[in-house]
Amino acid sequence: MALFGRTALQDTSLFGLSSQNPARYFRVQFSGSGSEYLRIWIVNLLLTVLTLGLYLPFAKARRLRYFYSNTLIDGQALSFHGKPWTMFRGYVLLMLLMGCYAVAGRFSPLAGGLAFLILGAIWPALWRASLQFRLANTSWRGLRLRFEGGLAGAYLAMAPSYVPVLLMVLAGSLWPEALQEGSKAEFGPGHVLVLLAFALGVLLLPLSLALIKRYQHGHYAMAAQRTRLLAGPREFYLLGFKLLGLLLLYIAAFVGLAAISFSLKSMVLFVLLALGFYLGLALLLAAFFSARLQNLVWNRTRSEELRFDSDLSARALAWLSLKNWLFTLLTLGLYRPFAAVNTARLRLEAMRLRVQGELDGWVAEQSLQQPDAAGEAAGDFFGIDMGL
Amino acid sequence: MPDMPAAPRPRLRLQYFDGRHASAQQAEIWREGRELLLQTGDGRQQRYALRQVQWPERQRHGQRQVLLPDGGVLSCAEAADWDDWARAAGLRESLAVHWAQSWRLTLTAGLLLMGLLILLWWQGLPLAARAITELVPAPLEAQLDERTLQSLDGLLLKPSALPAARRAAITQDFAGLVARARARGEPWPEYQLVFRQASDKLGPNALALPGGSLVLTDALAELLADQPDALAGVLAHELGHVRGRHGLRMTVQAGLASTLGALMLGDFSGVLASAPAVLSSQAYSRALEREADAAALHLLRADGRKPRAMLAFFDRIAQQRQARKAGEPSGWATAIASHPDDAERRRFFGGE
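Residue numbers (my numbering), protein chains in the order written: chain A, 967 to 1354; chain B, 88 to 439.
Among the hints, erroneous ones may be present.
DEER-style ranges, computed between Cβ atoms [to be verified]:
#1 B:ARG269 to A:GLY1246: 57 to 63 Å
#2 B:SER110 to A:SER1279: 31 to 37 Å
#3 B:LEU182 to A:LEU1295: 30 to 36 Å
#4 A:ALA1224 to B:GLY263: 53 to 59 Å
#5 B:PRO315 to A:LEU1214: 56 to 62 Å
#6 A:PHE1293 to B:LEU182: 28 to 34 Å
#7 A:LEU1136 to B:GLY263: 49 to 55 Å
The set of hints was computed from the structure by calculation and includes no laboratory data.
Where is the CB? At the ideal position from N, CA and C, for every residue including glycine.
Okay, chain A solo, but in the shape it has when bound:
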């Protein structure tokens, strides 16, 4: 790409012009095109439907390769090395697992609860495997990335998310009537436990997020660089409070509007309002949150010679989400590849890398082992991905 060449900016403010190791900034550029991805997407979908879903991992590998080869840092694209057949194995394993889970709950509460517990017990391990697989199969300038988080760390990071769920399961098994909607049972210890679990779930949300992000962003590695995340629960609670404030403001505004539409007795207006409420919630607040989260997390991720900057604008992301949603609805889904490309561009081009030191001197540490692809497939199934 002629855009880059060797035009990396020299950072003179921090190290001075005469410094031996001036820091260099690399912008992330995304060169994907919606119309091109549309064609890949349609062919992928056709093959997936024709093969009754068996092509899915191959489609995913093609999609990732397209997005990776269009993500350029300092003029060099990322590469995705994942083998579709490996991913296929993981995908089949995961389908079996999910199938058992879905079926078990329908026939007996005991089997359902057991399946839930088993899935919950192996979920952090799957998550870690997914991160390992994705990172180990990503390279830049020929150097593989690595994920070095340990198994125990994955379980610890997810522990606070499990506390409310376990309380809920406990309440459900000891006082089943407490979880039944509309039951006329008296307010008892079961209800207290359910309320407690719910409150705890909300209160622990930022902490969980903080631990999860710290685990992820604290264990990325490439050559001798190992990242850490310089953010603790405090920053995540702050973000949570901001979001809560926005949410309250938003609800207050809509309650006002709903009151007006009620007094006008217009059903159409009311339906429109309800739709607007959902759209606003799903698009504006979600965009605010995910933009702020990307900035928070990446601005504080660094290694010895590497830093990241992210200045993603929440307003731009919200506007883009609204546009994407509307066009996707109007075109009955055909706009979706354009939406994916546009979102990737906005998110990626908000990023900068700062490398201090001599990039050409980076050498890989030898460890090219292949973790299983089941985790990767699991991450995709549940939408857990690296947020970049």
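We have chain A; now place chain B onto it with these hints.
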């Protein structure tokens, strides 16, 4: 791979990363038979079997990257140069890549996809739902039945307040009808007739649960107190649901439809993705209702009763509905309604 012409082998200059060092090296590649040869700036040569190399897809955008089996990466910033070389070297591209190259073929793929989806929707899903339902053993279904009735008892249903004699009469009348049908050699499934008092939300109604429980609400029994044939018809309709295992089929079908929806729109918007599942399950449910109506018609007729008796049921339900909410527009209702509209069902049972 087709064989190479004997002419001079085309070479391409590009950047090479050895997978160990971040620094780029200048390199040249060319093809020799079934091997790719790589010569780096310092004159060292390496050979790779063509089959083990991961080739880039031809695209308008993005960098051409060749992933070598030893972890090395070749990167070519000039896409056109790469494409020329690949063609000259006789590298074949996969069908999927070829199709994504041309708008004409993409359009064809799109139309094919649309056709397939429609076919899947109208034919594939019901067929698959039926096939999967056949695989579910009856004891499991009975368990499902029990659980459904239990949870309904907690929320919507109360013990029946109908006099025991009246319940016995209804049970006997319907049992006789089914027994005569079985005597004619028709395979009607086992069922249990259950009487319940329902909340207002359910009103005069009858339900068929997956394992063969037929729930009749007091309100409906009272509504049709003077029309035993209509009551038998309604129960026969529900028995039709049981025979077709419609409850389970609906569950399976909804699961399949939502999987398909998630495939198309899943990572985009959950609400949009679930819309097709809801719409399809309602349309599918209308088809099942017709099937159950056909069962009712057959049972009534074969038993020597008049199917027109069912008209009383439709009339009274309509009256009740009207009394409850006066004049609500319902033009868009069939699109998302679970039953076919009344006029159609009246015609089916011999009305005009």
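Each hint, compared with the structure:
1. B:ARG269 to A:GLY1246: 57 to 63 Å: holds, 59 Å
2. B:SER110 to A:SER1279: 31 to 37 Å: Holds - the Cβ-Cβ distance for SER110 of chain B and SER1279 of chain A, about 36 Å, lies within 31 to 37 Å.
3. B:LEU182 to A:LEU1295: 30 to 36 Å: For LEU182 of chain B and LEU1295 of chain A the Cβ distance comes to about 32 Å; the hint holds.
4. A:ALA1224 to B:GLY263: 53 to 59 Å: holds, 56 Å
5. B:PRO315 to A:LEU1214: 56 to 62 Å: Once the Cβ atoms are compared, 60 Å apart, the range 56 to 62 Å for LEU1214 of chain A and PRO315 of chain B holds.
6. A:PHE1293 to B:LEU182: 28 to 34 Å: holds, 30 Å
7. A:LEU1136 to B:GLY263: 49 to 55 Å: holds, 51 Å
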